[in-house]
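This is what each chain is made of:
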Amino acid sequence: MKAKGSAPLAFVLLLPAMVCLGVFRIYPIALTAWGSLRRESFEEAGRTLFVGAQNYVDLFGDPLFWKSLWVTTKLNAVINPVQVVLALLLAVMVNQRFRGIGFYRLLLFVPIGVSLPIACVIWRLMLDPQSGLINSLLGWVGIGRQPFLIDEHQALWSILAIATWKGVSFWMIFLWAGLQAIPLELHEAARIDGARTVRRFFRITLPLLKRSLLFVLVTDTAVNFLLFVPMFLLTRGGPAYSTNVLMYEAYKSGFIYGEMGRALALVMVLLLLVSVAVALQFYFLRQEES
Amino acid sequence: MLNRLFPPRILSLLGGVAALACSLLPSPATAAVTVRWLTLSDDLWPDCAKKVIAGFEAKNPDIKVEMDNYPFRQLFETIEVRMKAQDADVDLISVDVPLVASYSVRGYLAPLDAYFTPDELASTWVASSKQAGTYQGKFLAAPQNNSAQFMYVNLDLFQKAGLTPPACLVADEPVTPEKVAAIADKDRWTWEQVVEAAKKLTKTGPEGQVWGMEFDQVSRLYQLQALGESLGGQLVSPDGLKATGYFDSDAWKKAAKWYWSLFNDWKVSPKGVPPGETANQFAANKVGLLIGGEWNISTFKKAGIKFGIAPHPYFSGGKPATGTGSWHLGLNKASKNKEAAAKFLHYITADDEGSRIWFETRGQLPATQKLLTAIDQLPQYQVFPEGAYRLGVYEARHTAVPRPQTPGYLQLEDIFASTFEDIRNGSDPNEALPAGARRVDRFLAQFRK
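Line order of the protein sequences matches chains H and G.
If you use this note's numbering, the first sequence corresponds to residues 1 to 290, in order.
If you use this note's numbering, the second sequence corresponds to residues 291 to 739, in order.
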């Protein structure tokens, strides 16, 4: 009876969020899907024609699309686990209490305060093949100069390093908050029972951190699938399309080439990819929980 | 009775409100049309444009011109978005001249023929500039200025290396049309000579790394088109709808291999330096030879370096070819202020006063016949470095090669830049060029239907 009576109230309370979801999420997705079935008419500025699935047919027949899909998948297969593991390690570290920990915490928070475009510009200077700081440091330890952003085998991994430097502290905060919610008594009891640090981490910390980890993993994946700024500012998709992720290809199609239908088809593919990746993460982490 | 209905306080309040309302309404004498111009924000462009706008507004007090300024790359993207949305708030757009065909097929530009007299259309600009602003018989973008390419020579670095510089225009020697013709006809260096000198100029010394040669707009089509053209290569078919067989022709493969060698074999030019920074390196005495536009003259003059200006090189056995074409001004088809906007367009591109102010403040090679003739005749252009405009006039009349007219120029330019950037970074030209040509053709296919 009580549950029945609270249903209208729940509906009213949820309504603003549902309206926002509809206006800011569902409607733009519907517009994107509709736009991906249309193509620019050359008879009148701004007019588009319905072409059915032709944009997708053209896309799937384009080798550059498959190259971009591969680059996007490769980047995400590495960057997401790397960022989550590093964020977890840092969260465990900053959760310790020892003299001077405040200084280390401050150092770790610095990248959060730097905007990504500024971080990219600074990293470009540091990775400069002729006069960059990193190459000077490598020279001192006897390693030859590295081309970094101008080499097709190093550019993607250089971007991965920059994005990780920028992002990992942010994700660390969520995991740190999760760690602080774990009762100290559990660790104390385990310690009295003779459990060592590693065992306590895998048997107590990790299982109780699963919800925070799920949130970080899902959000980080969505963010990294849409990663665009470093490619735009540092490599413009090159060298040899080695950093030409789907998001950058979509941007280029829409805003440089003026092919909005192709750009929207690319965005729909990207949306599908992110949805599949997130659904799989939910599935596996929930399954482990049960 | 009236006092009862409207007490004095209410009447005075109403009077005050009415007076305020009247003061806020525009009076007929001050009503002004505002023309909005979507244009560049790079270096001194907005300041130069403001001087022309001031001259125009002094003559046309009923028209105000306001600029929306964007950096070079973002300008093209903004134009795409706002023109596609038929944004009526924009009246004028700066048009990079090879995009006239692309903007035309997309319906962004209104024809300008009605805003000029037949005489003006026939004789105001040099024929190549007027033609470049025309597509399928319609005059769509009026030339604001032209451009020319030179080889800047760092005389101090040549002296330190014990090398004889190429025949060039230098300070303290009068720049006569005869001298310009002589060095351009007989003493123009070949690219092979450039490389030989660049190898000797490239060195790491106590003052840091010195590079033998650099291009101003590295890897961009505008800058490098002259390489292929010098060997007889075109980038697209004459109808502008096919790249395979042109972009990857033997001539272009040879030119691209030479470009690859600069960075990967001879190592006389640096990798990783973006366009726009190479001119700063030249101004800092770090580069021996710089291939760049005439707009750099004032920068190098201010930097106080000892430099000369030589004609743009060519390949031995090929023909001299130089980059040309620059910014034109177009009228947005969706504009609601076409008449007022066209008045300003006329002022800056064709009017004696407006085009002169633009040339004198901006310092780019003009496109009008009158200004070009003045450069050849006025004594102020007999002095270096301003006299280099005479070399610009010579190149515009003898060696300038316009960029290809194709509705897919946006795609061609972007793919050209990424292909040549890859070649600069070590990709094999024999693979990169055919791949680039196929990509351009994929986009051009939509215009063939």
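Treat the hints with care, as some may be off.
[To be verified] Straight-line Cα separation of at most 35 Å, DSBU-like style, residue types lysine-lysine; simulated pairs:
1. Lys67/H <-> Lys557/G
2. Lys67/H <-> Lys543/G
3. Lys74/H <-> Lys557/G
4. Lys428/G <-> Lys623/G
5. Lys74/H <-> Lys428/G
6. Lys74/H <-> Lys576/G
7. Lys557/G <-> Lys340/G
8. Lys591/G <-> Lys490/G
9. Lys67/H <-> Lys544/G
10. Lys609/G <-> Lys557/G
Quick caveat, the hints were computed from the structure, so don't treat them as lab data.
Owing to the predicted nature of the structure, the values given are computational and were not obtained by experimental measurement.
Hint check results:
Pair hint Lys67/H plus Lys557/G holds up; C-alpha atoms about 31 Å apart against a cutoff of 35 Å. Of the pairs offered as hints, the one joining Lys67/H and Lys543/G holds, with about 24 Å between alpha carbons and a cut-off of 35 Å not exceeded. Proximity of Lys74/H to Lys557/G is assessed by CA-CA distance (about 33 Å); at most 35 Å being required, the pair is judged to hold. Pair hint Lys428/G plus Lys623/G holds up; C-alpha atoms about 13 Å apart against a cutoff of 35 Å.
A hinted pair counts as satisfied when its Cα atoms are at most 35 Å apart, and Lys74/H with Lys428/G does not qualify at roughly 49 Å. Pair hint Lys74/H plus Lys576/G does not hold up; C-alpha atoms about 40 Å apart against a cutoff of 35 Å. Among the hinted pairs, Lys557/G with Lys340/G is inconsistent with the structure: their alpha-carbon atoms are about 43 Å apart, more than 35 Å. Restraint check for Lys591/G and Lys490/G: the C-alpha separation of about 25 Å stays at or below 35 Å, so the hint holds.
A C-alpha spacing of about 28 Å is found between Lys67/H and Lys544/G, which places the hinted pair at or below 35 Å, so the restraint holds. With a C-alpha separation of about 25 Å, the suggested pair Lys609/G and Lys557/G falls inside the 35 Å cut-off, and the hint holds.
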